[in-house]
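Chains L and D are the protein sequences, given in the same order.
278 is the number of the first residue of the first sequence in my numbering; add one for each residue after it.
65 is the number of the first residue of the second sequence in my numbering; add one for each residue after it.
Just so you know, these hints were derived from the structure itself, not from any lab.
Don't be surprised by glycine CBs; every beta carbon is placed ideally from N, CA and C.
Careful, some of the hints might be misleading.
What the hints assert, rightly or not - A few chain D residues that face chain L, going by a derived Cβ cut-off under 10 Å, partial list only: (1) I70; (2) L80; (3) T83; (4) A321; (5) R372.
In case you want the letters, here they are:
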Amino acid sequence: MLQTKNIQFKYDGGPSFHFPDISCEEKGRLLILGESGKGKTTLLHLISGLLQPTSGEVTIKNQNTSALKGAALDRFRGKHVGIIFQTAHFVQSLTVLDNLLLPPFLTGSKIERSKALEILQRLNLKEKAFQLPSKLSVGEAQRVAIARAIINNPSLILADEPTSALDDKNAIEVIRLLEEQASTTGAALVIVTHDQRLKDHFKDHVNI
Amino acid sequence: MNLLKISWRNIIANPLNTTLSVILLAFGVGIISLLLLLEKQITEKFDRNIKDIDFVLGAKGSPVQLILANVYHVDAPTGNIKVEDAQKILKNPMVKDYIPLAYGDNYENYRIVGTNFKYPEHYGCQLAEGRLFSAPFEVTIGQKVAQEAKLKVGDTFTSVHGFDKEANEEDHHHATPFRVVGIFDRSDCAIDNLILTQVESVWMVHDHEEEHVHDETHDHEHSKEMTAYLIKKRNPLAAMMLANSTRETNMQIADPAIEINRLSQGFGIGTDTMKAIAILIMILSFVSVFISLYNSLKQRRYELALMRSMGGTRRTLFTIILQEGLLLVSIGFLVGALLSRIGLLVLSSILKENFHYELNDLGISPSELVLLAVTLLTGIVASLLPAVRAVRMDISKTLSNG
Numbered sequence: 278m279l280q281t282k283n284i285q286f287k288y289d290g291g292p293s294f295h296f297p298d299i300s301c302e303e304k305g306r307l308l309i310l311g312e313s314g315k316g317k318t319t320l321l322h323l324i325s326g327l328l329q330p331t332s333g334e335v336t337i338k339n340q341n342t343s344a345l346k347g348a349a350l351d352r353f354r355g356k357h358v359g360i361i362f363q364t365a366h367f368v369q370s371l372t373v374l375d376n377l378l379l380p381p382f383l384t385g386s387k388i389e390r391s392k393a394l395e396i397l398q399r400l401n402l403k404e405k406a407f408q409l410p411s412k413l414s415v416g417e418a419q420r421v422a423i424a425r426a427i428i429n430n431p432s433l434i435l436a437d438e439p440t441s442a443l444d445d446k447n448a449i450e451v452i453r454l455l456e457e458q459a460s461t462t463g464a465a466l467v468i469v470t471h472d473q474r475l476k477d478h479f480k481d482h483v484n485i
Numbered sequence: 065m066n067l068l069k070i071s072w073r074n075i076i077a078n079p080l081n082t083t084l085s086v087i088l089l090a091f092g093v094g095i096i097s098l099l100l101l102l103e104k105q106i107t108e109k110f111d112r113n114i115k116d117i118d119f120v121l122g123a124k125g126s127p128v129q130l131i132l133a134n135v136y137h138v139d140a141p142t143g144n145i146k147v148e149d150a151q152k153i154l155k156n157p158m159v160k161d162y163i164p165l166a167y168g169d170n171y172e173n174y175r176i177v178g179t180n181f182k183y184p185e186h187y188g189c190q191l192a193e194g195r196l197f198s199a200p201f202e203v204t205i206g207q208k209v210a211q212e213a214k215l216k217v218g219d220t221f222t223s224v225h226g227f228d229k230e231a232n233e234e235d236h237h238h239a240t241p242f243r244v245v246g247i248f249d250r251s252d253c254a255i256d257n258l259i260l261t262q263v264e265s266v267w268m269v270h271d272h273e274e275e276h277v278h279d280e281t282h283d284h285e286h287s288k289e290m291t292a293y294l295i296k297k298r299n300p301l302a303a304m305m306l307a308n309s310t311r312e313t314n315m316q317i318a319d320p321a322i323e324i325n326r327l328s329q330g331f332g333i334g335t336d337t338m339k340a341i342a343i344l345i346m347i348l349s350f351v352s353v354f355i356s357l358y359n360s361l362k363q364r365r366y367e368l369a370l371m372r373s374m375g376g377t378r379r380t381l382f383t384i385i386l387q388e389g390l391l392l393v394s395i396g397f398l399v400g401a402l403l404s405r406i407g408l409l410v411l412s413s414i415l416k417e418n419f420h421y422e423l424n425d426l427g428i429s430p431s432e433l434v435l436l437a438v439t440l441l442t443g444i445v446a447s448l449l450p451a452v453r454a455v456r457m458d459i460s461k462t463l464s465n466g
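I would like the entire structure built from these sequences, with the hints used as guidance.
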């Protein structure tokens, strides 16, 4: 489902990275562990196509994303990859529900309010639907970010350090939630983190 | 969910910046649009009243006042001239036709003017009811007079001397009542606000008045006076010859077109200053829209990058920001257009009270459409740089720094 082959990246006048090959099955689980400065976020951006590798290629669902450009790449990412960033950000002027409807709207998919409300219900956020994101607590914001990542039924969910700021109990809770939602959606789940606590939780892990 | 909604929500999420931009633009647009409306309507009204009148013959004094008093009926007359003196000039072969005007008293601040049938005929006034005045003390009244003073055909009223409606009303009432025999249709010229009668009625009222005030032994002849004559000329040379013939008399000849032109040039300095101020405000509003979009872009960099990560394209971001600029200036334009209408209505009510003049055409003029186009263009230009910056943004870097 996800395959990287010999990808390298060099920042303009900055450090260069050479990443080990990564592969993940359909509906698979993969933990990518790495210390700070090893280029974890860079790798996540390369996989999602937010960055294009200097050399090598990334294949998602048999599509070489390194060959896609511009709007086609934006649309492909929007349809097939759900990203959960380290800190949850939203379009502040839109309600929680409208933020959830952004991914289908931006990818030109069908906009289903009922589906969005259902996901919010599943994540215990139904009463927040019509509030502005600034009113959410950190935990709620993270759950809304998860909801947003799965609404388009992506094949791949990418999460950047989802547990780094949490205590043990909450960290396990979030991982359980992520796995549960990935299963419901039928998506593969790739987590990029330095959090060693998660090592025991995942069968497959790659160190970078 | 649509792009317009996103743009709209972003605009109202920033009420202070938005309000500033809208207020500035609304004032700029409002002033310009008010000036355009005024210019159009005043020119139209002025032109309609001048209608083929080449000269006005009247007593010496300010020529502008002579025109305002006798063509537009908005100023006090310059005085009266003797009929026999005037006849010497009117006999001139250069005079093709003339209409006499004798100012009488007034009723409820509407002027009673002695004249003949040529006057309403000249302005193409049609009768709505009744007939034209044909005997002394019969009057045919303008549509507005009928409405405002609540006069119907068959009603009678007594006139009041001078224009102070309140003061000494009793003392100055004239004895012989006037009788309304007809009402004109609305003509959109001065006649709407006039009470027309025969010249003789005006003279008779005055004789009567003089009898009251002075002793019985006075010469009636000196009452045969006119306030002015509206003159149509026979050929272009008439101007000089007629002007010459009034020399060494107490009369003058004035050309309405020239005097009104002189007056509106005086106006023009005022309106030009206003226009300059309005354009300055428009430029300020342009800067304000630009700064507002630019600032909000700085705050929203992450949001915009986020939209890209969720499938939004460069074009999506460009559209959102361009739309925000256009929305801002459109709201500004609408508020401005509304303000100018309110301003016009206020001015109109002032004019109506003082001069019986109304400005009531609130429609959109072609020059306003040009103003709209300029405004929209301003919006596009102001949002172009922020939009281009959003498109060029490095999303990976922006998202990593969040």
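Hints, verified against the model:
Among the interface hints, the one on D:I70 holds; its C-beta lies about 7 Å from the nearest C-beta in chain L, closer than the 10 Å criterion. Of the supplied interface hints, the one on D:L80 is violated, with its beta-carbon coming no nearer than about 14 Å to a beta-carbon of chain L, more than 10 Å. Interface restraint check for D:T83: the shortest CB-CB distance to chain L comes to about 16 Å, outside 10 Å, so the restraint is violated. This hint is violated: D:A321 has a C-beta 58 Å from the nearest C-beta of chain L, more than the 10 Å allowed.
For D:R372, the suggested interface contact is upheld, since its CB lies about 6 Å from the closest CB of chain L, less than 10 Å.
Consistency note: the structure conflicts with the earlier hints numbered 2, 3 and 4.
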